[in-house]
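S.K.: The chain contents come next:
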Amino acid sequence: MSHGIDKVALAVFAALFLVVTVIGFMAARWRRAADIMHLDEWGLGGRSFGTFITWFLLGGDLYTAYTFIAVPALVFGAGAVGFFAVPYTVIVYPIIFVFLPRLWSVSHRHGYVTPADFVRGRFDSRALALAVAVTGILATMPYIALQLVGIQVVLETMGLGGDLPLIVAFAILAAYTYSSGLRAPALIAFVKDGLIYLVIGVAIISIPHQVGGWSHIFAAASKHLAAVNPKTHKPFGSLALAPAGRWAYGSLALGSALALFMYPHCITAVLSTRDRNVVRRNAAMLPAYSLVLGLIALLGYMAVAAGVKPAGGNAQLAVPELFKTMFPSWFAGVAFAAIGIGALVPAAIMAIAAANLFTRNVYREFLRPGATPAEEARVSKLVSLVVKFGALVFVLGLDKSFAINLQLLGGIWILQTFPAIVFGLYSRWFHRFALLAGWAAAMAYGTVVAYHVPVPGKPGSHFGGPTATAPFIGQKAYIALTAFALNVVIVVVLTVAFRALRLPEGRDATVVDDYVADAGEADVRDLPGLVDVAGGQPAPASGSPTSPGR
Amino acid sequence: MEGEGRRAGTGVVRGVVAVLLLIPCLALLWVPSYTRVTPRLFGFPFFYWYQLAWVLGGAACLAGAYVLTMRLERQRRAR
Chain A
1 MSHGIDKVAL AVFAALFLVV TVIGFMAARW RRAADIMHLD EWGLGGRSFG TFITWFLLGG
61 DLYTAYTFIA VPALVFGAGA VGFFAVPYTV IVYPIIFVFL PRLWSVSHRH GYVTPADFVR
121 GRFDSRALAL AVAVTGILAT MPYIALQLVG IQVVLETMGL GGDLPLIVAF AILAAYTYSS
181 GLRAPALIAF VKDGLIYLVI GVAIISIPHQ VGGWSHIFAA ASKHLAAVNP KTHKPFGSLA
241 LAPAGRWAYG SLALGSALAL FMYPHCITAV LSTRDRNVVR RNAAMLPAYS LVLGLIALLG
301 YMAVAAGVKP AGGNAQLAVP ELFKTMFPSW FAGVAFAAIG IGALVPAAIM AIAAANLFTR
361 NVYREFLRPG ATPAEEARVS KLVSLVVKFG ALVFVLGLDK SFAINLQLLG GIWILQTFPA
421 IVFGLYSRWF HRFALLAGWA AAMAYGTVVA YHVPVPGKPG SHFGGPTATA PFIGQKAYIA
481 LTAFALNVVI VVVLTVAFRA LRLPEGRDAT VVDDYVADAG EADVRDLPGL VDVAGGQPAP
541 ASGSPTSPGR
Chain B
1 MEGEGRRAGT GVVRGVVAVL LLIPCLALLW VPSYTRVTPR LFGFPFFYWY QLAWVLGGAA
61 CLAGAYVLTM RLERQRRAR
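The listed protein sequences correspond, in order, to chains A and B.
Each step along the first sequence adds one to the number in my numbering, with nothing skipped, and position 8 is 8.
Each step along the second sequence adds one to the number in my numbering, with nothing skipped, and position 73 is 73.
Simulated from the structure, these hints should not be mistaken for laboratory data.
A portion of the hints provided could be inaccurate.
Said to hold, decoys possible - Distance condition first, Cα-Cα at most 20 angstroms in a straight line; then the derived SDA-like pairs of lysine to any residue: (1) A/K223 x B/G43; (2) A/K400 x A/G460; (3) A/K381 x B/V37; (4) A/K231 x B/F44; (5) A/K223 x B/L29; (6) A/K7 x B/G43; (7) A/K476 x B/F44; (8) A/K476 x B/L29; (9) A/K400 x B/V37; (10) A/K381 x B/P39.
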C-alpha cells in the first residue's frame, strides 16, 4: 500500500484478465450459436468428458487460491503444519478411487445430479436430502471466501489500498457468475491452468536459484520459525513437526481428504465424466498436481528466505510479495493474473454449484414444485449472488491471520454429509433418521467447538483455528474429524435402536446393480442439466429425483 | 462389485487392490514416522522430501490398483 501502485504489473494483470474473460465468454457464445448439440460437450456437465479434460477440470478443483495463497501462507507463518496439504492431496485419491465410481453409476442410472438427489432416492427422506443440500451450500461459502481473499491480496500487492481490493474482487466475481453460467468458467479453466503452469514452472525453477538454493531456503526458514512470535510468545513453528502437532497434522490431512469430494462443485465435475472409470484413471494421474502443490507450499519458505515482510504481517501476502520481489513487473503481472483467475474461476463454479443445489433440492422440492424453467434459472442466479454475499460475510467476520481456516471451517460442515452419501453408497442398513440425527449433532458440535477456538494471542475471540483438543485422545485434532467420529457413533447406535423400534425406513429407489453400472449398459444415461440451470437452460424434468428412472 | 467372489482368485485380486489403496494412506497418516529433519536430500529436510516422494509412491499404487480393477470389471462383464 505504502509502496504505491505498480502500474506495469497492474496493466498486465488487467489486460490478461480481460482477454481471458472475453475469450471465455465468446467461446461459450459461439458454441451456443453454432450447434446446440455441442453444448453438452462443453458445459461442464452434459456428458462424455474423457480422461484428459477431466484431469484439467478436477485439477482445477485443487488449484485455487487455496493452493497459491492459503497453503504457502500457513507454511510461511507456521512452518511444517502447512505441509499437511501434501498428505491431504495424496490420501484423497485412494478415497475417491473407491467410492466415486459407485456414485457415478447410481447417478447415471437415476438421473441424480446432486448428492442430495442421491440421498433422497436412497433413503426416501426429504429431510435428509435437505440437510445434505443446506450443508453443501453453507460449506461452500467459506471456500468461496478463501478465493475472494486470494483476489484481494494480489490486488493489494499491486498497490490498491484500503477496502477497495475486496470490493473489486467481489464485484468481479458477482458480475462474472451472474452473466455467464458455468460454460464460460469451464472454458476459462483451460487457459487458467495454462497460465498457472507457466507461473509455477518459472517460480519453482527461478526463485530457489535466486535466493540461494534449497539448503539456504530451509536454513532461513528454520531460523525464522524458531524465533518467538510476539503475539503468542511461542515460536512461530518448526521445520519438522513438533510432537504436539502430529495429531493435528494427520487429522487435518485425513479430514480434508474425506471432505473434498463432498463439496457440490467437486461432485458435479466427477459426474460429468464419460464413464465410471475415468475417475479411477484420473486418481492415478492427478497426483502430479500434488507434487506441484507441495512445491508451491514451499514458496512460503522461499518468501522467508527472500526476506519478504508482508504489510501488516498478513501472511496471505507472502507469495504475491515474493513474486513482486523476484519477478520483473510485467511477469509479476502475469503471475498475479494467474492467481486472480485461478481464484475467480473456482469461485464461480462453486457459487453456481451451490445455487443449483438450492434450486434443485430446496426450491423445487419444498418451495415451488411447479416452478417453470425460467423461474428456476432466475432463482439460481439470485441464490448464487446470496452465496457470494455469504462468502463476503465470512471474509469480513472471521480472523484473517490464516485464510486457510476459512476452507477448513467449510470442511467441518461438509464432512458431516459423508455418512449419508458414502455409507449410503455401500449399505442401506443405516437408518435415515439416525443419519439425520448424527448429522445434526455433529454440525452443532463442530460449529460450537470451532466457535470457541480463540485466535492465537487473542483470548475470548472466536473461529480462530481448525483444531481443538479431541475427547479421549487429549491431543489437538481437526474438529471436522472429531465431529465426524461423533456423527458415526450416533448413526450406528441410533440405527440399531430405530431398527429395534421398527421405525419406517422408507423405500429405496435403487438396486444393487445400479452401483456398478457403466456407460453403454442398460438405462445408463447422460445427465443433461448437470450444469446449466444457472446458465439459463434448466434441467429437464427427466433428471428429476422424483422419477425412479427405470 | 457384489457377487464377484465366486470366481477363483477374484478375492485375492480385490485384496491386493485394497492393500494398494491403503499403503499411501497409512504411510502418510503415520505421522511420527517422518517428523524428522535428517537425512536430507538435495537440501530438503526428510519431512519434506519423504512426503513428496509419497506423491509418486501413491501414484504408483493407484496405477496398480487401476490395472487390477479394470481386470476385475472386465471379468464381471464377461459373465
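S.K.: Are the hints correct? Go through all of them and say.
M.R.: Each hint, compared with the structure:
1. Pair hint A/K223 plus B/G43 holds up; C-alpha atoms about 15 angstroms apart against a cutoff of 20 angstroms.
2. Among the hinted pairs, A/K400 with A/G460 is consistent with the structure: their alpha-carbon atoms are about 16 angstroms apart, no more than 20 angstroms.
3. In summary, the hint linking A/K381 to B/V37 is not supported, as the alpha carbons are separated by about 51 angstroms, beyond the 20 angstroms threshold.
4. For the hint linking A/K231 to B/F44, the alpha-carbon distance of about 29 angstroms lies beyond 20 angstroms, and the restraint is violated.
5. For the given pair, A/K223 sits about 27 angstroms from B/L29 by alpha-carbon distance, which is inconsistent with the 20 angstroms threshold.
6. With a C-alpha separation of about 37 angstroms, the suggested pairing of A/K7 with B/G43 is violated against the 20 angstroms cut-off.
7. Annotation: proposed proximity of A/K476 to B/F44 is violated, straight-line Cα distance about 27 angstroms (limit 20 angstroms).
8. For the hint linking A/K476 to B/L29, the alpha-carbon distance of about 15 angstroms falls within 20 angstroms, and the restraint holds.
9. For the suggested pair A/K400 and B/V37, the alpha carbons sit about 30 angstroms apart, so the restraint of at most 20 angstroms is broken.
10. Between the alpha carbons of A/K381 and B/P39 the distance comes to roughly 54 angstroms, so the proposed pair goes past 20 angstroms and is violated.
Hints 3, 4, 5, 6, 7, 9 and 10, counting from the list given before, are not met by this structure.
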